[in-house]
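Asker: Residue numbers (this note's numbering), protein chains in the order written: chain Y, 31 to 280; chain H, 18 to 287.
Everything labelled a hint here was simulated from the structure, so no lab data went into it.
Just so it is clear, CB atoms sit at the ideal spot from N, CA and C, and this is done for glycine as well.
Be a bit skeptical, because a hint or two may be false.
What the hints assert, rightly or not - Cross-link-like lysine to aspartate or glutamate pairs, in silico, EDC-like; alpha carbons within 16 Å at most: (1) Y:K223 <-> Y:E198; (2) Y:K80 <-> H:E178; (3) Y:K60 <-> Y:E49; (4) Y:K92 <-> Y:D40; (5) H:K98 <-> H:E148; (6) Y:K80 <-> H:E177; (7) Y:K80 <-> Y:E198; (8) Y:K166 <-> Y:D143; (9) H:K230 <-> Y:E49.
Said to hold, decoys possible - Partial pick of chain Y residues on the chain H-facing surface, computed with a CB cut under 7 Å: (10) L83; (11) L86; (12) G97; (13) F103; (14) P113; (15) I125; (16) E129; (17) I136; (18) G138; (19) D143.
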Amino acid sequence: MANDVLVSIDNVSFRYNGELALDSINFQVKKGEFLGIIGPNGSGKTTLLKIILGLLTPQTGKVTLFGENIKSFKQWSKIGYVPQRVITSFMRFPITVEEAVGMGRINGSRLFDFTSSEDREAIEESLKAVNMGRFKKKLLTQLSGGQQQRVFIARALASNPELLILDEPTVGVDVDSQAKFYQLLRDLNKKMKLTLILVSHDIDVVANEVETIACLNCKLVCHGTPKEVLKSNFIESLYGKGLKFVVHGH
Amino acid sequence: MLEIFQYSFMVRAFIAGSMIAVIAPLIGSFLVIRRFSLIADTLSHIALSGVAIGLLTKTQPLVTTVILTVFASVLIEHLRKLKNIPSEAILAMFLPGGLALSIVLISLANGINSNLFGYLFGSITTVRESELWLVLILGIAAMIVISIFHKKLLYSSFDEESARVSGISVDFVNTILLILTAITVSLSMRVVGILLIGALMVIPVTTSMQFAKSFLQTIYFSIGFALLSTIIGLFAAYYLNLPAGGTIVLFALSMFGVVAIFKQKLNGIV
Numbered sequence: 031m032a033n034d035v036l037v038s039i040d041n042v043s044f045r046y047n048g049e050l051a052l053d054s055i056n057f058q059v060k061k062g063e064f065l066g067i068i069g070p071n072g073s074g075k076t077t078l079l080k081i082i083l084g085l086l087t088p089q090t091g092k093v094t095l096f097g098e099n100i101k102s103f104k105q106w107s108k109i110g111y112v113p114q115r116v117i118t119s120f121m122r123f124p125i126t127v128e129e130a131v132g133m134g135r136i137n138g139s140r141l142f143d144f145t146s147s148e149d150r151e152a153i154e155e156s157l158k159a160v161n162m163g164r165f166k167k168k169l170l171t172q173l174s175g176g177q178q179q180r181v182f183i184a185r186a187l188a189s190n191p192e193l194l195i196l197d198e199p200t201v202g203v204d205v206d207s208q209a210k211f212y213q214l215l216r217d218l219n220k221k222m223k224l225t226l227i228l229v230s231h232d233i234d235v236v237a238n239e240v241e242t243i244a245c246l247n248c249k250l251v252c253h254g255t256p257k258e259v260l261k262s263n264f265i266e267s268l269y270g271k272g273l274k275f276v277v278h279g280h
Numbered sequence: 018m019l020e021i022f023q024y025s026f027m028v029r030a031f032i033a034g035s036m037i038a039v040i041a042p043l044i045g046s047f048l049v050i051r052r053f054s055l056i057a058d059t060l061s062h063i064a065l066s067g068v069a070i071g072l073l074t075k076t077q078p079l080v081t082t083v084i085l086t087v088f089a090s091v092l093i094e095h096l097r098k099l100k101n102i103p104s105e106a107i108l109a110m111f112l113p114g115g116l117a118l119s120i121v122l123i124s125l126a127n128g129i130n131s132n133l134f135g136y137l138f139g140s141i142t143t144v145r146e147s148e149l150w151l152v153l154i155l156g157i158a159a160m161i162v163i164s165i166f167h168k169k170l171l172y173s174s175f176d177e178e179s180a181r182v183s184g185i186s187v188d189f190v191n192t193i194l195l196i197l198t199a200i201t202v203s204l205s206m207r208v209v210g211i212l213l214i215g216a217l218m219v220i221p222v223t224t225s226m227q228f229a230k231s232f233l234q235t236i237y238f239s240i241g242f243a244l245l246s247t248i249i250g251l252f253a254a255y256y257l258n259l260p261a262g263g264t265i266v267l268f269a270l271s272m273f274g275v276v277a278i279f280k281q282k283l284n285g286i287v
């Protein structure tokens with residue numbers, strides 16, 4: 031396998047209680063790529079994401095991460111994960127930005143949980159990368175939705191990953207914060223050379239941000255650049271007729 | 018005032034109480050963050066069955082209780098992991114289950130006796146030297162385990178899915194937390210009593226949450242509150258001839274009340 035392929039999905043199928051959620055999915059994510067996975071609700075986006083993250087095991091097919099079969103893959107610190115907003119009642123609990131980002135330094139291979147100077151440096155660097163350095167001592171509860179999402183990106187960056195995977199990261203975030211958020215993702219992709227996979231149901235936003243789109247509806251309906259994908263009739267079949275997209279450059 | 022320390026049973030009470038006051042909120046902090054506070058109450062009802070087994074078989078009840086609660090905690094975590102039943106429903110099954118088993122066992126042992134009352138409501142002043150050693154050894158072991166795993170525990174409690182992605186064995190970490198909870202519940206029953214253990218694991222934490230500025234501060238302050246309520250409670254129990262367990266918990270609750278009112282006043286709500 032070529033060294034520049036970070037994720038390879040080969041003929042992956044998954045069933046929930048006998049019901050087919052993903053049917054023979056094939057695609058690859060190359061180093062430096064910014065891939066958007068789109069599809070309507072229930073199309074299998076989150077299932078595919080969980081398979082890539084090793085949280086679910088497909089019944090058939092093979093997933094390869096950084097050239098290694100996921101079954102034996104151990105270098106999880108190479109992958110940063112930003113889940114859907116972690117806004118629940120936990121957030122009533124006093125946790126500082128620094129403590130939340132510090133979680134990104136923890137991994138299964140470390141036996142003792144003591145903070146090293148290297149950890150402190152990585153926390154500082156990742157907060158700086160998302161422009162949240164001055165909020166280090168603030169409680170998560172004191173931040174806006176957009177700022178909290180930046181903190182969760184910083185947490186994902188703290189392990190110095192090569193691949194960043196984001197699951198519907200802007201749900202519940204206001205429009206202004208969303209624009210800043212996507213600018214940050216572009217910077218991470220272009221300046222820090224991070225490979226990004228963004229899962230979203232918001233095709234309009236994704237089409238304007240990513241360089242490759244994978245449309246999912248149980249099967250991989252289409253895969254290509256936003257222009258190629260939006261030109262095709264597949265999107266209408268996915269989302270219904272009457273949708274209009276404007277793809278613009280940045 | 019310090020004549021209280023002339024009595025060796027009171028010295029033992031203070032040492033055992035202080036150890037429990039450190040480990041109960043330490044573990045309670047992780048339970049509160051994962052909205053699993055009721056596990057302490059559930060395990061305490063199972064602990065009652067452990068005491069009944071101990072009394073029935075004439076074995077040291079602390080030993081039978083530790084074994085039974087640890088077994089139950091592993092079973093609870095296993096059921097929680099299967100995700101077929103909501104967590105709170107699992108607790109709602111085990112809590113009356115533990116009580117039901119203890120009622121049957123107590124009736125087999127020809128009803129309730131004063132020994133059992135000591136476990137139900139606490140009997141800190143009757144803590145024996147062997148029990149004190151057990152409390153100290155297991156308490157120190159619990160602190161060492163928490164200090165080794167505290168970040169993995171925090172991550173798994175705060176965002177289980179992301180913790181799994183970073184390669185943390187979340188199931189193992191969760192099981193460790195529940196085993197520690199089971200041991201703490203068992204150790205605490207002589208101090209505050211089976212029916213009041215949950216209070217010492219949760220109230221100091223919720224008091225601390227009112228003003229703490231970080232997770233670490235929450236832990237430190239909650240240990241402080243638990244130590245303060247235990248020490249004041251023991252003094253009050255000795256000089257006013259009150260039951261120690263109930264007095265300690267009432268002091269912990271009073272502290273929560275004072276801190277909550279003070280915070281609301283600061284926020285201009287009251």
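Asker: For a quick check of understanding: which of the numbered hints are violated here, in increasing order?
Answerer: Going through the list in order, the structure violates hints 1, 3, 5, 8, 9, 11, 12, 13 and respects the others.
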